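**Student:** Listed below, chain by chain, are the residues.
Protein chains: 2
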Amino acid sequence: MDAFFQPKSVTIIGASAKEGKIGYEILKNVSKRARVFPVNPARKEIDGIKCYRSVLDIKESIDLAIIAITPEGILKAMEECGKKGIKHVVVISSGFKESGNEEIEKEMVEVARKYGIRIIGPNCIGTFNGKNGFNTFFQRHMQLPDGGNVAILTQSGTFGIGLLEKLAQEDIGVSKFVSYGNKCDVNEVDLIEYLEKDDETEIIAIYAEDFSPQFFERRYKKPIIVLKGGRSEAGKKAARLHTGAMATNYDIFQGVCRQLGIITVDNFAELFSIIKIMSMQPMPKNGKVAIITNGAGPAVVAADLIDEKENLELAELIDLTGSATANDYLNALENVGDAGIISLIFVFHDAPLAATLQKFYEGFRRKNALYVAIAIGGKFVMEQKERLAELSIPMFDEPSILINALDKVVWFKNEGSGNR
Amino acid sequence: MDAFFQPKSVTIIGASAKEGKIGYEILKNVSKRARVFPVNPARKEIDGIKCYRSVLDIKESIDLAIIAITPEGILKAMEECGKKGIKHVVVISSGFKESGNEEIEKEMVEVARKYGIRIIGPNCIGTFNGKNGFNTFFQRHMQLPDGGNVAILTQSGTFGIGLLEKLAQEDIGVSKFVSYGNKCDVNEVDLIEYLEKDDETEIIAIYAEDFSPQFFERRYKKPIIVLKGGRSEAGKKAARLHTGAMATNYDIFQGVCRQLGIITVDNFAELFSIIKIMSMQPMPKNGKVAIITNGAGPAVVAADLIDEKENLELAELIDLTGSATANDYLNALENVGDAGIISLIFVFHDAPLAATLQKFYEGFRRKNALYVAIAIGGKFVMEQKERLAELSIPMFDEPSILINALDKVVWFKNEGSGNR
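For the record, the sequence lines run as chains H and B. According to numbering that gives the first Met the number 0, the first sequence is numbered sequentially starting from 0. According to numbering that gives the first Met the number 0, the second sequence is numbered sequentially starting from 0.
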């Protein structure tokens, strides 16, 4: 599977010379991190790179093929990949199972099996490696995250793009990313198995519209967070048109996930928040929360929200009042009890805290706890988000999404951490 | 009550000459929009403005007094305001009921009643008028919103600052803002009565830790959105220390609000989202939602979330696929059925849509529907948020909070709109 993430030589079948075309953008993108061998029978070269009629004309050995041609030519292309000895293929093209063309997808897999080829896709945007930047994307202007400890698996390319950009925007690093679309061959279980052994990956987040039966067979060695699309009737119908996903009952799905210690989330905000917390902070030793604040209003709301959660308990609410300075925060942090989670609420504006923040950033010392911060506001608050990120403290701009996420993190620590 | 928002002459009792002090910052702030008369027996002038020993020494008539002295001097100051004929006083100072000093707060109110004075506060940051920028704040670097149709009432100053900054950041305008703290005299009901008659105000949002009994006596003429702090035991305790709020049962509170057509929300994210939708868009004619998208994944999740909501129904899911251009969106909008809510999902990145956005912005024509947009991503997406705001279309960066908010907006339209 390594060839999907760090190939030395890559052929792009369906390479194009026309800017903006998928086959051009992939070629340009891949050429930055690997030796490329474009295949297009109508061209001799593209932007000075020699072009081939078929992969069979390439002399060098090829680690990975990326296919971006219409389904009609796919069987011949796959056959030739097999003969050439290529073992890893990403099929970007759509027009297969999701469009009712199940037959051609099956035949393509049969050809691949004959040659021992593994396929990612079709109907996907392929792979991205955060560490070396390698990706099979045709998106030119996308913000991509740096290397990190979060792996993303997604059936939806769209969802993947949005999530990668949001992670990049908030400086959360990614180990490996796979958009696997119709998953005609490599499925989420194959990918999890790979990622369990991957040293870079500590957390695995999945967006999927259906799951393979093997997904439910065992507990995993790393934390898994799942957002399932197509839970409702309307969503199921849309999912079937999207990735050809079969319907399952969501309650049963959720129950089985719970037994396996898999975190299920209902929406994108929750998924992102849990990723953010788990990628930046250690597991909490317990679900007790200490709140340290210089503003009572947000602390009252946070206390209410904690009270509603099964796995959280408010241990201390330390209101330093508006006159608190960075030193007061540092002292409070020093003297806090045995709470597993320490939530700092900051009201910055023209409070003495704002003027002494530098001291806080310099004086902050981590103890055995999971730290998070909340600050509501505008530009100034956003700047502090970056400073706090340097201390690995995830900052949220309101308490509710954070507290939902913390509840699930503690649930995982209690129920699911057998697999960590 | 107008004098709280557009006074011509204002005295600041406890004015200070020292930068950073509350009494200095308020003076500076108020002097930008009104004639100021600082009171401080120790000073002859502050920054060139004549200073008075007492309000009784001021010859001009005074519309509003802002008091920022400690509780010890408060009775004398209030007595003098009465003698001077001042009818409106904002008491910024804390150290009253919330600190156990209920007696002095009561005596202060007795003095005020004797002279027909109305008090906002104590333990608050006072008022802000979005239209003329007048405010009684001591925050110097706060981002303030422009004028608009949303009124904010809050017991927590902190909460108010955070909310105002976030509204400013997202270009949502405010009509009137009142931080009323311990509400020793003017309470939320007085303020709502005033705002019901205020031409600028169309929506009223409230954060409060306790409500006056009269709050529950009638339906209001304008939509009211309420976030109640202190719902849980821990929150109640914190609220008591914060604004001296008495405990009430939240379920009962919520039930009564429902009967009165008042929208209750559980957290800041929901409050903000409902404000955003209602301030930018008309009431929907029904709860049917049409989704128009160029990316299936986010649409599947949105469909799932809509299905879970009592007041929403998915009417159409139009997947234009990744190849959609602005024209396809405009055509789909032209041909959409009778849905009351039209949700545009945009996947911008290197999609043909991104290149043709200008056409969309120019060609967009409003029909009889509530429009919203969803786009997940990074910098590019944030830029589109501003462009969409110019068309009054609120943009959200993921579906879940939006759909929660829409459900409550439709509930209001069905159950609560007797009061609009």
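Calculated directly from the structure, the hints in this document are not laboratory data. Where hints are given, some of them may not hold.
Since copy identity is lost for identical chains, a pair holds within one copy or between any two.
Once the Cα atoms are required to be at most 16 Å apart in a straight line, the calculated EDC-like pairs of lysine to aspartate or glutamate come out as [stated by the list, open to error]: (1) Lys236 / Asp306; (2) Lys82 / Asp250; (3) Lys75 / Asp198; (4) Lys7 / Asp406; (5) Lys105 / Glu78.
All values reported here derive from a predicted model rather than from experimental measurement.
**Student:** If a hint holds in the structure, say so; if it doesn't, say that too.
**Tutor:** Going down the list of hints, with the structure as the test:
With identical chains, the CA atoms of Lys236 and Asp306 are at most 16 Å apart between copies only, with a shortest distance of 12 Å across copies and 37 Å within one. For a Cα distance limit of 16 Å, the shortest separation of Lys82 from Asp250 qualifies neither inside one copy, at 46 Å, nor across copies, at 70 Å. Proximity of Lys75 to Asp198 under the C-alpha cut-off of 16 Å is found in neither arrangement, the shortest distances being 37 Å within a copy and 71 Å between copies. Proximity of Lys7 to Asp406 under the C-alpha cut-off of 16 Å is found in neither arrangement, the shortest distances being 43 Å within a copy and 51 Å between copies.
Proximity of Lys105 and Glu78 under a CA criterion of 16 Å is satisfied intra-copy only: 14 Å inside one chain copy versus 89 Å between copies.
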